[in-house]
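Visitor: Line by line, the protein sequences give chains C and R.
Counted the way our numbering counts, the first sequence spans residues 1 to 107.
Counted the way our numbering counts, the second sequence spans residues 1001 to 1412.
Under the rule of at most 25 Å between Cα atoms (straight-line distance), these lysine to any residue pairs were calculated in the SDA-like manner: (1) K69/C / G1328/R; (2) K1319/R / F74/C; (3) K1331/R / D66/C; (4) K1319/R / T105/C; (5) K1331/R / M44/C; (6) K1203/R / S1221/R; (7) K1319/R / E78/C.
Quick caveat, the hints were computed from the structure, so don't treat them as lab data.
Each chain is listed here by its residues.
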Amino acid sequence: MPKVTYVHSNGTREVLDVPVGTSVMRAAIIHGIDGIVAECGGEMMCATCHVYVEPDQADRTPSQSDDEKAMLEFTASERKPNSRLSCQLVATPEFEGLVVYLPETQV
Amino acid sequence: MAVPVAAIVGAGQAGFQVAASLHQEGFAGRVVLVGDEPVLPYQRPPLSKSYLAGQSGVDELWLRPPEFYAKQQIDLVYGDAVTSIGRRTHILRLASGREISWDYLVLATGARYRPLPVPGAELDGVLPLRTLADADVLRRRLHQSRRVVVVGAGFIGLEFAAVAIAHHADVDILEITQHPMGRVVSEPVSRFFTDAHIRWGAKFSLGTGVVRICGDNGRVSAVDTTDGRRLPADLVLICIGVIPNAELAGEAGLTVENGIVVDEHLATSDPSIFAIGDCASFPTPFASGRVRLESVQNAVDQGRCVAASLAGRPEPYEKVPWFWSDQGDLKLQIAGITAGHDKFVIRGDPNDRSFSVFCFRDDRLIGVESVNRTADHVMARRLLAGDPGLLPEKAADESFDLRAHTRGIASR
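Next comes chain C alone, as it looks inside the complex:
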């Protein structure tokens, strides 16, 4: 099962097993990781599951849909080139060792 590292804005790290087929957002909610809010529940209607993907790991993640790009305009923290909605990061075996950084705020 891929291990994904969540790095909080204060630098603390948490590592979760994210089953293939489960999103980085859902795993965070199930394990009670603060810093992922996910107010729409993964429907891509909000941008409160915003993460920054470790830049040199971007090629391991699925490409961004136009809808995700549009919704990323609502991030409460700065949008960067490596910004993603973690509800769209559905784990594949390539996620092993993935690192995502949580923004300072989601709302």
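Since the structure of chain C is already known, use the hints to place chain R on it.
Guide: Frame of chain C, contents of chain R only:
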């Protein structure tokens, strides 16, 4: 020293949000969250979408895992209903006999399904869709059902119809008005979705109601319509809207009128009692007069607003409303409240299955309904947060750079 207690009645999306936000906002008291359903707080939208379709499991419905509540020092009481508020005593009484004293009270009691007042509505197989328990019954029944009648063509009815069709059921949809979803969407969007459901195989009877529901050995067998037909049915979904759960508030002497009446700070006629979410009727800059909205956005943003208020930072509630509905492969996204528009223009082409209807009143943009067009929806939410400054002819003109316009407005 005694710390203040914030008690929250109702553990749906709104009640959960207040509880989750109170400590984050710096509230220094105790938080008690009371829900009458026998399960952890959960998300409702998937009940008529992915959960109903069997594409997601119950574990994905919980808003947070069980440990969250203890960790956040939220005293979660579920499976117990509040039976009286006690405004003078500041004591909540619960069905179990338990008593909870409160300093601040937040009513997030939600809404319940509106029963259909016809003979036969009590038959086995005539079902609502509001709670997780309802969805579980429907999920099981859908597999055994061949002929489904949906009464009421709102969001829930049409979402359910799309799932039932995907389960290879024959689906009849009865709607008392001429316009499916007509209470919340413009005519072009109503027509577009009606046509889509017809293409998927549903049959609509518009302007048609139910006279009675017929049964066989206690089980539903058919629906008699107001236009004199008998539609065979082994499952009937009743989805003709909801009734706000305002009785507790009314019995406590709070003002109730289509929900619990609150001011711009979401306070009731008693300043220590707030009401939020589906049960609250509130003033809004996004409509003329008061509204009562049934949506995740409204529940979440009002929950945050009250939490900030109880933490000592009151601000009036004026968030842009937004809504969504998934039907088949179509995604409908609405920003603002489009009811009451006197003009609309269409951006894009419904034939391309990707378009938005921009709705205006007195030439001011009041809301946008987007079908498979998230970028428009996002811009609409930004525009409506301020003065949209968008003329109908510009909105309709695809060569007009809406993104640049939105950036200009948002940066003012």
